[in-house]
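Chains as they are written, first to last, in full-length UniProt numbering: chain U, 1 to 150; chain R, 1 to 200.
Heads up, some of the hints might be wrong.
Quick look at which bits of chain R chain U covers, simulated, 3 or more residues with Cβ under 8 Å [said to hold, decoys possible]:
hint, region
1, 32-43
2, 135-143
From the structure, some residues in chain R lie toward chain U, with a derived Cβ separation under 8 Å [stated by the list, open to error]:
hint, residue
3, R122
4, A126
5, I152
These aren't lab readings, by the way, just hints derived from the structure by calculation. The beta carbon of each residue, even a glycine, is placed where N, CA and C say it ideally should be.
Each chain, written out:
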Amino acid sequence: MRLAVALLLLLLVSPACLAVDTPDEMLPDPTLEREAQQIGQQLRCLVCQNESIEESSAPLARDLRHAVRQQLQQGRTAKEIRAWMVQRYGEFIRLRPAFSPATALLWLMPLLGLMVALFLTCRLWHRPAPPPAPLTPEERRTLDSLLKKD
Amino acid sequence: MPLTRRHLLAALPVLGAAGLGLGFIRMLHGLDRGQFDPRAINTPLTGQPVPDFPALSSLPGQAGLTREDFRTMTQPVLLSVWASWCLPCVEEIPFISQLAASLAAPQEGRDAPLALWGLCYRDQPASAARWLERAGQPFTRLGLDQDGQAAIEWGVTGVPEAFLIMPDPQVGGRIVWHGTDALTDAAYQTHVVPYLKAAP
Chain U
1 MRLAVALLLL LLVSPACLAV DTPDEMLPDP TLEREAQQIG QQLRCLVCQN ESIEESSAPL
61 ARDLRHAVRQ QLQQGRTAKE IRAWMVQRYG EFIRLRPAFS PATALLWLMP LLGLMVALFL
121 TCRLWHRPAP PPAPLTPEER RTLDSLLKKD
Chain R
1 MPLTRRHLLA ALPVLGAAGL GLGFIRMLHG LDRGQFDPRA INTPLTGQPV PDFPALSSLP
61 GQAGLTREDF RTMTQPVLLS VWASWCLPCV EEIPFISQLA ASLAAPQEGR DAPLALWGLC
121 YRDQPASAAR WLERAGQPFT RLGLDQDGQA AIEWGVTGVP EAFLIMPDPQ VGGRIVWHGT
181 DALTDAAYQT HVVPYLKAAP
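Next comes chain U alone, as it looks inside the complex:
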């Protein structure tokens, strides 16, 4: 039982699978290393395009991981590092695209959906339900006979 709990806890705390190939790629400072991983997870590996550079084992991804860590150690901010990457490889390298006229619809879609849903809800909420149609003479007769049976 204790083992099961321990394993479950381990499962909960284990970070996303990362491809840092050798431990010496990692920075000695854990805070800085965590920041490097966060930056790297938002940068596309341009060789295997649906992976981030933190997940990929491609040589270019390794070089870019190294570049991220080197620049963090030099005191550059995440924003500066992303700008450095975009300057060389374009917006395509960002897995989370920046807000721009081209991506506005993408970013605003949840808000738009929510607004449409609210609008529809309000309309339907306030509309009174139509009263039921009066019974036809035939229905009335059927109902009477059913009631009489009891």
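Since chain U is already given, all that's left is putting chain R on it; use the hints.
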């Protein structure tokens, strides 16, 4: 039937959906015709000055490659990025050799209109030397980028790639074209030749 506010409101989502649909149709047609590729590598350096990159040494007996070389260039340069371990480069190299031979052939009263330089990406000097031997030494300058740092400055994502750089005294060389596929005769005619014709 008079047009009421209700009708206009009802038309809004229909028009929105129609607009989206038209957009998707255009995207799919672009995919078919090859005008739109969602996986295409961006080439943000096109139109930009040559980036600052670490000076690269070369093989013995051959000129290396530095940022300074682009400041002093007098004719357009086609920079080919390649590696001896890269299979698409094997397909590309016959065209490069052929281009080098035609550039070296004497033309009446003028220099060759184009210089062919090479950037060798993450390769071992011995393998690179054997490769160049077989290809007939196509490059007049060669930079060995053994740690891949220069390639990052150039925005190279894989081999082979190619750049066309025009002389620009103000910024010291300007990239006018960045090809992210193997160089073929068709690509050369489409992307490189028009710039050479327009050059003075």
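Comparing the hints with the structure gives:
| no. | hint | verdict |
| --- | --- | --- |
| 1 | 32-43 | holds (count 5) |
| 2 | 135-143 | violated (count 0) |
| 3 | R122 | 6 Å, holds |
| 4 | A126 | 19 Å, violated |
| 5 | I152 | 6 Å, holds |
When each numbered hint is compared with the structure, violations occur for hints 2 and 4.
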